[in-house]
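There are 2 protein chains.
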Amino acid sequence: MSSSTLVIPNGDATIRQPAPAPSPGRFAEVYSEVQTHRLKHSLPLPSVLKSPFKIVEGPPSTAAGNPDEIAKLFPNVFGQPSSMLVPSDSAALASNEKLKIGVVLSGGQAPGGHNVISGIFDYLQDRVKGSTLYGFKGGPAGIMRCKFVELTPDYIYPYRNQGGFDMIRSGRDKIETPEQFKQAEETVLKLDLDGLVVIGGDDSNTNACLLAENFRAKNMKTRVLGCPKTIDGDLKCKEVPASFGFDTACKIYAEMIGNVMTDARSTGKYYHFVRLMGRAASHITLECALQTHPNITIIGEEVAAKKQTLKNVTDYITDIICRRAELGYNYGVILVPEGLIDFIPEVQQLIAELNEILAHDVVDEGGLWKKNLQHQSQLLFEFLPRAIQEQLLLERDPHGNVQVAKIETEKMLIQMVETELEKRKQEGTYKGEFKGQSHFFGYEGRCGLPTNFDSTYCYALGYGAAALLHFGKTGLISSVGNLAAPVEEWTVGGTALTSLMDVERRHGKFKPVIKKAMVELDGAPFRKFASMREEWAYKNRYISPGPVQFIGPHSDDINHTLLLELGAQA
Amino acid sequence: MSSSTLVIPNGDATIRQPAPAPSPGRFAEVYSEVQTHRLKHSLPLPSVLKSPFKIVEGPPSTAAGNPDEIAKLFPNVFGQPSSMLVPSDSAALASNEKLKIGVVLSGGQAPGGHNVISGIFDYLQDRVKGSTLYGFKGGPAGIMRCKFVELTPDYIYPYRNQGGFDMIRSGRDKIETPEQFKQAEETVLKLDLDGLVVIGGDDSNTNACLLAENFRAKNMKTRVLGCPKTIDGDLKCKEVPASFGFDTACKIYAEMIGNVMTDARSTGKYYHFVRLMGRAASHITLECALQTHPNITIIGEEVAAKKQTLKNVTDYITDIICRRAELGYNYGVILVPEGLIDFIPEVQQLIAELNEILAHDVVDEGGLWKKNLQHQSQLLFEFLPRAIQEQLLLERDPHGNVQVAKIETEKMLIQMVETELEKRKQEGTYKGEFKGQSHFFGYEGRCGLPTNFDSTYCYALGYGAAALLHFGKTGLISSVGNLAAPVEEWTVGGTALTSLMDVERRHGKFKPVIKKAMVELDGAPFRKFASMREEWAYKNRYISPGPVQFIGPHSDDINHTLLLELGAQA
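Heads up: the protein sequence lines correspond to chains A and B, in order. Just so you know, the first sequence maps onto residues 1 to 570 in the working numbering. Just so you know, the second sequence maps onto residues 1 to 570 in the working numbering.
No lab work stands behind these hints: they were computed from the structure. All figures in this text were calculated on a predicted structure; none of them were measured in a lab. One or more of the hints may lead you astray.
It does not matter which identical chain is used: a pair holds within one copy or between any two.
Heads up, simulated DMTMM-like pairs for lysine to aspartate or glutamate below, C-alpha to C-alpha not over 20 Å straight-line [claimed, not checked]:
#	residue 1	residue 2
1	137	150
2	435	397
3	511	68
4	147	418
5	269	173
6	411	315
7	411	395
8	411	390
9	431	420
10	174	356
11	411	97
12	435	173
13	269	397
14	435	395
15	371	427
16	182	535
17	515	534
18	509	520
19	435	408
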């Protein structure tokens, strides 16, 4: 395929028309109709990216916390201003020299990753003809081991608007030790890279900034840009209003939740307990609640803020179930974030104690070991269903620690609610019938076909990242804003990665971190939820969002969280 | 809403335009965009239903087996010919008298049930103005207890093209005893019913035929028609090519499977074991395999035909995993039908023995009770993972029987495959890495928004059922055929329910049954699968069908199973 069939000259059309694929490199002849249709889907660009542009910079930036420490950790890139792309009269403000750019996917999959790469690629095709894009294979390890593939139109095309990260795969390795930084340097020198785009979550973007700092400190030409990726939605700030993948994942989960709601209402006899992905933050659960109106939703951040115990959470659920039974409803839908038990202080305490005990003591069948638990932890342990007790004692990670992530919270809650309801039945305060059904919606969501929003957003993120590299920028995260407006009006720019950072003290040293954005209890999405949950609890306001539609009047709609956050900002 | 806004005069338009809903009775103001869009979706009718028609009948029918016994059980309705609606010159061959019709939903939900009711209702509006439609609430129990609601345009409209059975709910009761038949008679007499439409699976349609026989035997005017419903796809025959709901459910499951496949390919480190609904037959699993091309698919009917053991199944999976590891693939997707272990003769034997032992003996901790198992069953029991052993011993239904349905087959297989792989690793014949992830796709599928196919098919089934009642027919199942052709060319008629029947001997008596349609190993869908599975096993031909689309070029496509079966018939 010649590049002329793929590329529309600068500013020459409102919408990019992809070329037909002569022979998809991905897996010829095994695309579904919908996949094929998505392959041909045109990606609109923000207006500013469709004509000549220049960069304007804001004031120097600071850090999210401890700016002095961040400045010390990043002497070469700290304090950079934000960059914003704005229309320009003259066509060529950036160099015309061909570029060599690398791109890497880091961490768990999120729908849209392939479009970020397509965006970078198309920028190079459109604006710096003859440039080269390398994809590092298998995540940051691909950088360290210099494993890469040169990305060509034929190679990239079949992944356009498709889910997954399989174009170049991802990985969870980090570039951390001096030796690993050395390897990264060798790779970028070997490939003579002008730039590197790191597509990842909070850790990966911190890593991107460390690389940017390191390369600049050594006077190397390689610039590093980050891109905000995570379905969990916990990498965001004012300038970076969303991480990609969140929109698609939530819509897929919401489809399933809506179906389960219809099922609950039709049979009238099941309580569906749905655990949703999101270990650190509860954004996915909150968004799904706003989309579907479940009877009960547990938000981890609220549990933590109110210092609730597991018994509190159980009672909260049980109280609503009892009240609903009085209203004649012996069914319902309950959403729970994957990371719920991490939010409960007493559970964290118990697990910390268990980790100590498992490391040093013998866990005897008779249970004498329990005397080593503090009183509060003993009580909590006894409160847990037997299956969960066993899971806590038996399943450990390679470091010997309890595997909290493996605990099936939804099943645990069903058992605890069942026990509590049984008690109330004995006491005569509950006369209903309870049947719990457990669900975990996880892997299904993170590799779906990206929604129109994620497809377009990612394409702009990639296109913008390449532009920033072209203009010599480093240590920024690609920032596309004004997302509630039509795509034409979206803003494109970059934000200093250091401005997102704070430090944490680990092993006596300051470590830079991009703090995860948690659900804010005074934020617009939570407040909207909080104002409606009482009604949802007792009045069955279920909404069934249905399957994601790619064409039709509302196929470009964005998620509630983003819309509410943008509305609150406006 | 006046009926004139809802109804388009006979033969006056090609497509029915539903009226706008002034105030949806279902749950005002809480429809998603997609739900609202579906509400407005126009339902096309087969041509024959759009103009005057008459009925032509075929030759007398017989039974699927033991016609003499069926004839004895149904002396009044046995042997009825098939009825086919054909265009007619004269407008009014059926009576102009207003009709009173009842409708009931029976058994588990299937997408499209609401449209069957809409079809019945619209027929009455179009052709027998002033007629009344009653919906019996909560399934057959609603008939016995005379619990019903009169269905009006306002009541029905909000359920158009929507999933679930919540318009009048369903139930699993059966009308079986003389007392229950008496109650049914009283209800239809009280409501002065001309007809009753039973929407259900094989058992419910058998029940419909018994009611038809009973009412006719007593010279009552009430006719009874059946409609083929079940997502499992196991109620079908030549004249009834599909049960409704199967198309939608499979497409929803296939969306999720496709996503999980992309995940598997992207991470390269998980084997996803997916259990799919379908206890008696494996049609859903087969259809999902044809839609998505998994590496391994277990079809229960094949396991039964080949008299495979659990060890055989485990080895089959393990062999492919080992071979894939040699090819460099330590990931994959495996589909398993919910009813798998019911298909394995040795498991059935073990469970039968366990039921006996649990009923009469003490299950001692030391395991002495196992001596009561036959040798083969003892070996099998020891072969099972401990968690499954415990499930078999502890979880019993109200009759004290082992709850086979509760066994998480996908988790059991993961554990058994893990054990076998560990063994092979020790022996040096396997060098890969194995991580199993389990999924159960069940409730998410049976209450989704019906696809275009199920929406249209159900509407025609309902419209046709009402027509047959209008023409005085009873004891038939609504039959819509020629489904691979455009809707205009679909055929509409009715098939004698007795022609689908055979007898089973229970408690010394002959009982009529509609035999479940199992996956036929020499049928076109299985043969296509069998011819491709070797390639799918090792070459990763994954297809991601994506979310169901309601508009666009392929949104009317029908499922592979139906297409292949129709092709094979043609």
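The hints, checked one at a time:
no.	hint	result
1	137 / 150	within (10 Å within a copy, 64 Å between copies)
2	435 / 397	between (33 Å within a copy, 14 Å between copies)
3	511 / 68	within (13 Å within a copy, 85 Å between copies)
4	147 / 418	neither (53 Å within a copy, 31 Å between copies)
5	269 / 173	between (46 Å within a copy, 15 Å between copies)
6	411 / 315	within (16 Å within a copy, 31 Å between copies)
7	411 / 395	both (16 Å within a copy, 16 Å between copies)
8	411 / 390	both (14 Å within a copy, 17 Å between copies)
9	431 / 420	within (13 Å within a copy, 48 Å between copies)
10	174 / 356	neither (28 Å within a copy, 58 Å between copies)
11	411 / 97	neither (59 Å within a copy, 57 Å between copies)
12	435 / 173	between (43 Å within a copy, 19 Å between copies)
13	269 / 397	between (38 Å within a copy, 17 Å between copies)
14	435 / 395	between (28 Å within a copy, 15 Å between copies)
15	371 / 427	neither (32 Å within a copy, 43 Å between copies)
16	182 / 535	neither (58 Å within a copy, 43 Å between copies)
17	515 / 534	neither (32 Å within a copy, 48 Å between copies)
18	509 / 520	neither (29 Å within a copy, 67 Å between copies)
19	435 / 408	both (17 Å within a copy, 18 Å between copies)
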